[in-house]
Each structure stands twice: as C-alpha cells, then as structure tokens.
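Chains as they are written, first to last, in this note's numbering: chain A, 2 to 115; chain B, 5 to 118.
It is worth saying that the hints were derived from the structure and are not from the lab. Hints are not guaranteed to be accurate.
Sample of chain B residues lacking proximity to chain A, with all beta carbon distances greater than 12 Å (derived) [claimed, not checked]:
#, residue
1, S32
2, Q42
3, A96
Coverage of chain B stretches by chain A, computed from C-beta distances (three or more under 8 Å per stretch; other residues unrestricted) [stated by the list, open to error]:
#, stretch
4, 17–23
5, 100–114
We treat Cβ as the ideally placed atom computed from N, Cα and C, and that holds for glycine.
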Amino acid sequence: DAGVTQSPTHLIKTRGQQVTLRCSPISGHKSVSWYQQVLGQGPQFIFQYYEKEERGRGNFPDRFSARQFPNYSSELNVNALLLGDSALYLCASSPSPSSYNEQFFGPGTRLTVL
Amino acid sequence: AQSVTQLGSHVSVSEGALVLLRCNYSSSVPPYLFWYVQYPNQGLQLLLKYTTGATLVKGINGFEAEFKKSETSFHLTKPSAHMSDAAEYFCAVSDRDTGNQFYFGTGTSLTVIP
C-alpha cells in the first residue's frame, strides 16, 4: 500500500512569496496533520484536519493556512514567507484523530526561503 | 500544553552495547506515548507506542520502552546496538482529551561506533 505522499520534495522561495504544499494520506485515512521541523529540532504541530474540518491549530501565525479536500488530501499554504519559515514540512495521516492513533508520516517537503 | 524532554541531544554507543534514550513528559495525567525514528532525509517511522495495558512495550527492530508513571518517563532501550540504528530518535505524546496532535521532544541523535 502507498504511504503518505507529499509534493514537491524540495522548494526554494524568496522572502515575501507564497507557497503551497500538498499531501495525500494513506488510503482510508481521514485525518491529516501538518508539522514544521526546523533543522535540529523536533516537529512542531501546525494543523489537524478531519473530515474537511479543522480540528486543531498550533501556535503559528495567520500566514499559515490549510484545507482538506473531499478525497482527504490536504494543502498547506504559507503567505508572506520569512527566512524563519525554512524547514522540513511533514504531513501525517491517521484513520481518525483519536488520541491513541499513531500518525503515519510522509517524507516531507524541504522549504528553503532566501 | 504538553512538554516533552529528551535528555541528551547526542548519544554515542559502541556496536553491541546497550542503547538507552531518555524521554520525560510534563503532564499530571499520563498521555499516550510514542517513539519515532528518523533517518537522514526521510520522514518519521513509528518504533512503538504506549496507550494502555502492559507498561513494557516492544517495538520494531528490537527496541522496547517502559512507561513509568511515578517518574513520568518513557525511556527507549535496545539491548545490543547495530550500525543500522544510527538515526535521530523522537519521543512524542498526545493528550488523551485533545486528539492525536503530537508534541515532540527535541530529538536524540544516536551514533553507533564500530
């Protein structure tokens, strides 16, 4: 079975630009979460979506937004990019947002902001 | 909010030696607990998790972890290190009440010396 897929793999943007990252969950998984992993740190929770509704939001500015589509895939948008947004962005899926469910992670999108 | 502490950002062991990676959580109500491994330029892979039941949990690749409520700990161990164990290890927790929005520690980089 295919795992979580993310696109693109790498991305280079300049300050002030906007970026869209995409994620396809494992088939049958209805919950998608996004995490930001800055070099040398653990992943930080950004958003969680379930059945196309936002279920949780981490401590990130409004420049960050996301949505989930009817096929449960998801997009993460970041506006007005800052140098500090450079990170690995990880998407994770699970069957539901129940606390005991593990999350299955994709390989990530490496975003570099110049 | 949850807080996860991983003592030791870098751990080195000889091949065949015991691996011990430490994880402590902050909440008074025990969360659900997870250990993930991340190889270079890859996403996170679940090693093991504790939700309920037996406090000693066995995972993949010979790893195990023990939940100790009195110590708010969930340390990861492996009796004999292998060269292929060299990677970054993350402890994560999810609150029982807020869904599987994970809080990660800062990670421990494991080096295995031949």
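How the hints compare with the structure:
For S32(B), the requirement that its beta carbon stay farther than 12 Å from each beta carbon of chain A is met, with the minimum near 16 Å. Not every Cβ of chain A is farther than 12 Å from the Cβ of Q42(B); the closest lies at roughly 9 Å, contradicting the non-interface assignment. With 12 Å as the threshold on Cβ separation, the claim that A96(B) sits away from chain A is violated: the shortest Cβ distance comes to roughly 8 Å. Coverage of a stretch by a chain is defined here by at least three residues with a beta carbon nearer than 8 Å to that chain's beta carbons; for the stretch 17–23 of chain B and chain A the count is 0, and the condition is violated.
Coverage of the stretch 100–114 of chain B by chain A holds [criterion: at least 3 residues with CB-CB distance below 8 Å; count 12].
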